[in-house]
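**Student:** Work out the full structure, taking the sequences as your base and the hints as a guide.
Here's the letter readout for the chains.
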Amino acid sequence: MTILQTRESQAMHATMTPEPAGDDAALPPEPAGPAMSGRNVNVFYGQKQALFGIDLDIERHEVTALIGPSGCGKSTFLRCLNRMNDTIDGCRVEGTITLDGEDIYDRDLDVVELRARVGMVFQKPNPFPKSIYENVAYGPRIHGMAPSRTELDDIVVSSIRRAGLWEEVKDRLKEPGTSLSGGQQQRLCIARAIATRPDVLLMDEPASALDPIATAVIEELIDELRENFTIVIVTHSMQQAARVSQKTAFFHLGKLIEHGVTEEMFTNPRHKQTQDYITGRIG
Amino acid sequence: MPQSEHIVTSYEDELINLHKAISEMGGLVEQAITDSTKALLTLDHVLAQQVREADKRIDGMQHRINDMAVSIIARRQPMAADLRLVVTAIQVANDLERTGDMAKQLAKRTVQIESMSLAPKFYNGVKHMADLVARQLKAALDAYAGRRPEDAIEVCNRDDEVDAMHTSLFRELLTYMMEDPRNITQCTHLLFCSKSLERVGDHATNIAEAAYYLLTGRHLAAEEQQRHQS
Chain A
1 MTILQTRESQ AMHATMTPEP AGDDAALPPE PAGPAMSGRN VNVFYGQKQA LFGIDLDIER
61 HEVTALIGPS GCGKSTFLRC LNRMNDTIDG CRVEGTITLD GEDIYDRDLD VVELRARVGM
121 VFQKPNPFPK SIYENVAYGP RIHGMAPSRT ELDDIVVSSI RRAGLWEEVK DRLKEPGTSL
181 SGGQQQRLCI ARAIATRPDV LLMDEPASAL DPIATAVIEE LIDELRENFT IVIVTHSMQQ
241 AARVSQKTAF FHLGKLIEHG VTEEMFTNPR HKQTQDYITG RIG
Chain B
1001 MPQSEHIVTS YEDELINLHK AISEMGGLVE QAITDSTKAL LTLDHVLAQQ VREADKRIDG
1061 MQHRINDMAV SIIARRQPMA ADLRLVVTAI QVANDLERTG DMAKQLAKRT VQIESMSLAP
1121 KFYNGVKHMA DLVARQLKAA LDAYAGRRPE DAIEVCNRDD EVDAMHTSLF RELLTYMMED
1181 PRNITQCTHL LFCSKSLERV GDHATNIAEA AYYLLTGRHL AAEEQQRHQS
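Line by line, the protein sequences give chains A and B. What the first sequence shows, in the numbering used here, is residues 1 to 283, in sequence order. What the second sequence shows, in the numbering used here, is residues 1001 to 1230, in sequence order.
Treat the hints with care, as some may be off.
[As the list claims (entries may be wrong)] Taking beta-carbon pairs under 8 Å as the criterion, some of the chain B residues facing chain A (in silico): (1) V1008; (2) R1064; (3) D1067; (4) L1083; (5) G1217.
Just so you know, these hints were derived from the structure itself, not from any lab. Heads up, the beta-carbon is just placed ideally off N, CA and C, and yes, glycines get one too.
**Tutor:** This is the structure in structure tokens:
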């Protein structure tokens, strides 16, 4: 059985030092090439084809923004990256999607392990109906990442810190996650997603339900998280895509029309369809 | 890239109005250059005064264009070709305002030269120079309005002619000064006029470069440099 190991857990096995929580744990060098790669990806919902031959590389430590009108397939593609589409009846994925060169649609692959390595944050903050602490501790616990309570504490604290939420919740870790404001809940969900030390973080419109201040906090956070994670974000806000991402991919009617450096895409797109979409024209 | 219409019609209107304002300001500045040159060559005091008055309108246009551009950026957050239109509108308005100042300089000198007697041969060079830069300015504005990048390239290539003419005019006027020191005052005035016109040529080049960037999203100067290197 193929088990995708997190780099963190590889480090543990390699060094036999049970200190997984420390940020400075010696990590094996990152593999070369893109973090994730899609080749000729076709997706069908029953008879209807939703994606047509998508070829897209997700580069390491970059934020890749997926943009396009509703129904263009950007969320479908995002959900292919951690096999969230498996949960949809009648959904069929063709082609190859790799994570560090390994096929994530390999039959023997452990999907739970995959989702620990490719975390996800959704449009609407969805904390578990548990305490703030338990929300973040859940992932590391079920993945057996923290054998002792101290180690679990370390992971929870460092994840909440990384999510920029620590100062606001340090005295109320036992309170329910749902007692937080919308923006705080979203950062809690980010803390929960990064607690399993994923390589890639998928974000499906993470700030669309938030006010401008909470949005700015999330965007600042995305920029900081890029140092440790590779991020793929779906957004309807052109300005947000322009602000947070280094690469942008424009989808239209299930096809990848244009993919490139964000700055270039928003000042001088190559394709008319991209230009029409980002400038708000009738295509 | 051909342009479709914006979904939000008021946004479409704002961009059209901005583009129109640039054309209008361009028209005023072209007229100012033509009038100031004519005033200089015919020593027309009244026309010179009109140019100085018109400059206030040109300055007002620049403020209006800047306000329009800032408002579009603040409220619409333009992207791609729209962003380039707004940014180049600010640049072009600035170059046009400076060109207007040059026209005003020529008009001021007309008033100063009026009392002096000058042989017509002194003016010939200045007249040729003025004709050339007026054509350059018109071509640059046409390239911007007509959306033709190849016209913009031509304007930039012709700027060398303007510079060469300024250099030759400088030598010519120097010769007149050496021939008879009584010419020095007049010729110095004309030298300054030539310099003003040479600067108008530079602004025309800037406008052409802005037109090229607006239309292609690429910087002409950088592309030219690359071409020379390869």
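**Student:** Give a verdict on every hint.
**Tutor:** Checked hints:
1. A least Cβ separation of about 6 Å between B:V1008 and chain A falls short of the 8 Å threshold, and the interface hint therefore holds.
2. For B:R1064, the interface hint is violated, since its Cβ never comes within 8 Å of a Cβ in chain A; the closest pair sits about 24 Å apart.
3. Because the beta carbon of B:D1067 sits about 22 Å from the nearest beta carbon in chain A, more than 8 Å, this interface hint is broken.
4. For B:L1083, the suggested interface contact is upheld, since its CB lies about 6 Å from the closest CB of chain A, less than 8 Å.
5. Nearest Cβ of chain A to the Cβ of B:G1217: about 3 Å, under the 8 Å cut. The hint holds.
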